[in-house]
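Colleague: All chains, full assembly: derive it from the sequences and hints.
Line order of the protein sequences matches chains A and Y. Heads up: the first sequence begins at 16 in our numbering, then just goes up one per residue. Heads up: the second sequence begins at 16 in our numbering, then just goes up one per residue.
Rather than coming from a laboratory, the hints here were simulated on the basis of the structure. Please note: incorrect hints may appear among the correct ones.
[What the hints assert, rightly or not] Distance condition first, Cα-Cα at most 27 Å in a straight line; then the derived DSS-like pairs of lysine-lysine:
#1 Lys29/A to Lys19/Y
#2 Lys29/Y to Lys158/A
#3 Lys19/Y to Lys158/A
#4 Lys158/A to Lys158/Y
#5 Lys405/A to Lys41/A
#6 Lys214/Y to Lys158/Y
#7 Lys365/Y to Lys80/A
#8 Lys72/Y to Lys80/A
#9 Lys41/A to Lys401/A
#10 Lys104/Y to Lys309/A
#11 Lys19/Y to Lys214/A
#12 Lys72/A to Lys80/Y
#13 Lys235/A to Lys214/A
#14 Lys405/Y to Lys41/Y
#15 Lys214/Y to Lys29/Y
#16 Lys41/Y to Lys80/A
#17 Lys29/Y to Lys19/Y
#18 Lys158/Y to Lys182/Y
#19 Lys41/Y to Lys365/Y
#20 Lys80/A to Lys316/Y
#21 Lys309/Y to Lys80/A
#22 Lys41/A to Lys80/Y
#23 Lys405/A to Lys365/A
#24 Lys309/Y to Lys104/Y
#25 Lys316/Y to Lys19/A
#26 Lys214/Y to Lys316/Y
#27 Lys29/Y to Lys182/A
#28 Lys316/A to Lys405/A
#29 Lys80/Y to Lys365/A
#30 Lys29/A to Lys29/Y
#31 Lys72/A to Lys41/A
#32 Lys41/Y to Lys401/Y
#33 Lys182/A to Lys29/A
#34 Lys316/Y to Lys104/Y
#35 Lys29/A to Lys182/Y
#36 Lys72/A to Lys309/A
[As the list claims (entries may be wrong)] These stretches of chain Y come out as covered by chain A in the derived footprint (C-beta under 8 Å, 3 or more residues):
#37 21-32
#38 69-77
#39 81-89
#40 141-153
Glycine is no exception: its CB is placed at the ideal position from the N, C-alpha and C atoms.
These are the residues of each chain, in order.
There are 2 protein chains.
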Amino acid sequence: MSDKNRHLLSTRIKSVPKSFIREILKVSNHSDIISFAGGLPNANLFPVDEIAQASAKVLEENGPKALQYSNTEGDVSLRNWIAQRYKDKQGIDVSPDSILITNGSQQAFDLIAKALIDEGDEIVIENPGYLGAIQSFSLYQPKMLTVEVDDNGMNIEQLENVLDNSKPKFVYTVPNFQNPTGISYSQQNREAVAAQIEKHDCLLIQDDPYGELRFSGEEKESFYSLIPERTIMLGTFSKVVVPSFRIGWIVAPEWLMDSLIIAKQASDLHTNYFSQLVMHQYLQDNPVDQHLEKIIGLYSKQREAMISAIEEYFPEGVTVATSDGGMFLWVTLPEGMSSMDLFDDALESKVAFVPGHPFYVGEPQENTLRLSYVTVDSDTIREGIKRLGKCIKNRMS
Amino acid sequence: MSDKNRHLLSTRIKSVPKSFIREILKVSNHSDIISFAGGLPNANLFPVDEIAQASAKVLEENGPKALQYSNTEGDVSLRNWIAQRYKDKQGIDVSPDSILITNGSQQAFDLIAKALIDEGDEIVIENPGYLGAIQSFSLYQPKMLTVEVDDNGMNIEQLENVLDNSKPKFVYTVPNFQNPTGISYSQQNREAVAAQIEKHDCLLIQDDPYGELRFSGEEKESFYSLIPERTIMLGTFSKVVVPSFRIGWIVAPEWLMDSLIIAKQASDLHTNYFSQLVMHQYLQDNPVDQHLEKIIGLYSKQREAMISAIEEYFPEGVTVATSDGGMFLWVTLPEGMSSMDLFDDALESKVAFVPGHPFYVGEPQENTLRLSYVTVDSDTIREGIKRLGKCIKNRMS
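Modeller: Set out below in structure tokens:
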């Protein structure tokens, strides 16, 4: 028996869209290629020594307890820290009991889907939107409805239209420095989205991996402030501290939390407890805001380098979405130019990006692409953008 | 909005059996109670210093790379180590490419279910069987068929009957020192099970968390030796090294592995990479067999203490299932005596166990219970069994 056993596979697994980003990352991973394709944070800023100190301290102070099984909800000190952070940074009151520690926010998608989605249920996602969420939700075979996002946030007319004609379990949003577009929802847009959620008696997921990486502009209000009982918040330490620990969290209302805990228990009992303790120790011993300043300093400098290089080397007719932070710029090429074709040209010129295609559910907008500025230094960014500009110009002529 | 939102919950999450073990563990967790209820390994044996050394070394040698995102399949050195271990201990050839690192073997259930189970699909599980697996599979709404296990393994007649009358995706087994019963499948039983699997063109899951904890008797053949292309093997470091890292694995045939990787990626991208490196470093620097000897030495001594106390203090008519290793003894009370009732008596006498009830799918055998001997020292075991014996005698008279 071998491939003939493929008939044993579930319909659900066959319904997951193939991640062709993985393929892109493979070809763009060679050292002689200037890659704007990645979605990883800059490892040069990881607090290696501080994590080493925190690890040693955790084992010294907790002994074998740090290595035993633990509770499903997650370490209570870490949940207290997260609750306090919401209070300090956003003025939001979140109870530690309403926080569940997950394996990165990627697992949050899976647990929420387990608790809320039956086959054929409707959900609403941003278009373009975060691939990881789309992939995770699709395993539970929902009907995905889409609402476009632009520089201001969600298209409210479309949202209203979708909600008038469906009964979705939730609307999934990344309102701060969205992946892939880098855009944020304006204050006005948030209020309008919140009003629609209220009106249609619906839930909203606010995924927020990049919210702490603000370079400019003013902090906007959390959906949790606007519609607390209808908002599920996701968070992660992956972009702020380190990703390899896979520590994220869900903030959820009480009626949902019990089900999320059951889902988490069934999925993997609990998140790596040793790493939860190390993360908490790190956060206690090191001022995270100082660390954030370093990240923001580097990323914003490199973003500036990218924007100014784009202004210099990209031809007229190419636009970049407005962004005040995060990790990505979203580029729209002249009408009719395919970023998939451009990708092949670019690779020949030893520069890589992610075509917009995979971020769309349904018909993609073919002339879009995503650039990451976080892992490449400013000089290399200039060189890469110069090469890319040449490729675009060649296609135009 | 509040509890009225419970209608938003999925049917799937409502179909998960409530874990009343959690409740039992809560009440039996007080320090004045002698608890045989737990399912945790003995933390006194955890290699705290060695893990501290491995953690420091990993960060020193790998730097920020140890803290970055990693691949979905898992660290290749760790997968090589696991493959080599199968070769050394069981004479089995497993390719590292056929190994996927998971968050404990609990996550293996979830990923396998994602890849194989659609709602209403049939699966076969042991009765009584491992609760964690039952809970995890049930989220995918299969039809669960059961086959009884006894001192020799699976009831072959029942298995044949079930397979004749259904088309299950897989048969789930814990052939070595099963949880909850402690029994192992005999060599003859394995061959008979394998023949049924072949005959009915089916898959078999061999879950093996306790296989390395053998105190007596001879190692039996792995199903992987008997029916390699039909066997999915699960493993974990939780009982052999430490549980808090949540590191387990799946060995699966190629046609299934692609789907498992997609499922893993959608679930949480990858398992904590730092901890994978620390685990591998620990395994490189410390002879795991010496560590196992310590565990086996302590557990087998405590099991002896429990068995001899049972012989002394339990009345005639109480039987204990044959076991050569692992963490549990399975007790059958006289016909008609409910272990749920006994549990209340026992708690008053400050001793706790897990009634057999929750391990059954369908009608439970009410007069069964599970005792763990691993976390309580020999003298305390004697005292606890003495109290429990008194409670049983009181119920008999």
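Colleague: Each hint: holds or not?
Modeller: Taking the hints in turn, this is what the structure says about them:
Taken as a hint, the Lys29/A and Lys19/Y pair is broken in the structure, with Cα atoms around 34 Å apart against an allowance of 27 Å. Between Lys29/Y and Lys158/A the CA atoms are separated by roughly 21 Å; this keeps the pair inside 27 Å, and the hint holds. Of the supplied pair hints, the one linking Lys19/Y and Lys158/A holds, its CA atoms being roughly 24 Å apart against a limit of 27 Å. Simply put, Lys158/A and Lys158/Y have alpha-carbon atoms about 25 Å apart, close enough for the 27 Å limit, and the pair holds.
A distance of roughly 24 Å separates the Cα atoms of Lys405/A and Lys41/A; the hinted pair therefore holds under the 27 Å criterion. Only pairs whose Cα atoms come within 27 Å are accepted, and Lys214/Y paired with Lys158/Y is accepted, the gap being roughly 21 Å. Between Lys365/Y and Lys80/A the alpha-carbon distance is near 24 Å, which keeps this suggested pair within the 27 Å criterion. With a C-alpha separation of about 21 Å, the suggested pairing of Lys72/Y with Lys80/A holds against the 27 Å cut-off.
Between Lys41/A and Lys401/A the CA atoms are separated by roughly 23 Å; this keeps the pair inside 27 Å, and the hint holds. Taking the CA atoms of Lys104/Y and Lys309/A, the gap is near 49 Å; set against the 27 Å cutoff, the hint is violated. Using a Cα cut-off of 27 Å, the hinted pair Lys19/Y and Lys214/A holds, with the two alpha carbons roughly 16 Å apart. At most 27 Å may separate the alpha-carbon atoms for a hinted pair to count; Lys72/A and Lys80/Y meet this at roughly 21 Å.
Among the hinted pairs, Lys235/A with Lys214/A is consistent with the structure: their alpha-carbon atoms are about 22 Å apart, no more than 27 Å. For the proposed pair Lys405/Y and Lys41/Y, the alpha carbon gap of about 24 Å is at most 27 Å, so the pair holds. Annotation: proposed proximity of Lys214/Y to Lys29/Y is violated, straight-line Cα distance about 36 Å (limit 27 Å). Distance restraint check for Lys41/Y and Lys80/A: the Cα-Cα separation of roughly 18 Å lies within the 27 Å cut-off, and the hinted pair is therefore satisfied.
For a cut-off of 27 Å, the pair hint linking Lys29/Y to Lys19/Y stands: about 15 Å separates their Cα positions. Of the supplied pair hints, the one linking Lys158/Y and Lys182/Y holds, its CA atoms being roughly 11 Å apart against a limit of 27 Å. For the hint linking Lys41/Y to Lys365/Y, the alpha-carbon distance of about 14 Å falls within 27 Å, and the restraint holds. Distance hint between Lys80/A and Lys316/Y is fulfilled; the C-alpha atoms sit about 23 Å from each other, no more than 27 Å.
Under the criterion of a C-alpha separation no larger than 27 Å, the hint pairing Lys309/Y with Lys80/A is consistent with the structure, at around 19 Å. Between Lys41/A and Lys80/Y the CA atoms are separated by roughly 18 Å; this keeps the pair inside 27 Å, and the hint holds. For the given pair, Lys405/A sits about 12 Å from Lys365/A by alpha-carbon distance, which is consistent with the 27 Å threshold. Between Lys309/Y and Lys104/Y the alpha-carbon distance is near 18 Å, which keeps this suggested pair within the 27 Å criterion.
The straight-line distance between the Cα atoms of Lys316/Y and Lys19/A is roughly 49 Å, outside the 27 Å bound, and the hint therefore fails. Our distance criterion of 27 Å between C-alpha atoms is broken by Lys214/Y and Lys316/Y, whose separation comes to about 42 Å. A distance of roughly 20 Å separates the Cα atoms of Lys29/Y and Lys182/A; the hinted pair therefore holds under the 27 Å criterion. A threshold of 27 Å between alpha carbons decides the hint, and for Lys316/A with Lys405/A the separation of about 23 Å falls inside it, so the pair holds.
Using a Cα cut-off of 27 Å, the hinted pair Lys80/Y and Lys365/A holds, with the two alpha carbons roughly 24 Å apart. Simply put, Lys29/A and Lys29/Y have alpha-carbon atoms about 25 Å apart, close enough for the 27 Å limit, and the pair holds. With a C-alpha separation of about 38 Å, the suggested pairing of Lys72/A with Lys41/A is violated against the 27 Å cut-off. Between Lys41/Y and Lys401/Y the CA atoms are separated by roughly 23 Å; this keeps the pair inside 27 Å, and the hint holds.
About 25 Å separates the Cα atoms of Lys182/A and Lys29/A, which keeps this hinted pair within 27 Å; it holds. As the CA atoms of Lys316/Y and Lys104/Y are separated by approximately 24 Å, the hinted pair is consistent with the 27 Å bound. For the hint linking Lys29/A to Lys182/Y, the alpha-carbon distance of about 20 Å falls within 27 Å, and the restraint holds. A hinted pair counts as satisfied when its Cα atoms are at most 27 Å apart, and Lys72/A with Lys309/A qualifies at roughly 25 Å.
With 8 residues having a beta carbon nearer than 8 Å to a beta carbon of chain A, the region 21-32 of chain Y meets the requirement of three or more and the stated coverage holds. Under the rule that three or more residues need a Cβ within less than 8 Å of chain A, the assignment of the region 69-77 of chain Y holds, with 4 such residues. With 5 residues having a beta carbon nearer than 8 Å to a beta carbon of chain A, the region 81-89 of chain Y meets the requirement of three or more and the stated coverage holds. With a threshold of 8 Å between beta carbons, the proposed coverage of the region 141-153 of chain Y by chain A holds, since 4 of its residues qualify and at least three are required.
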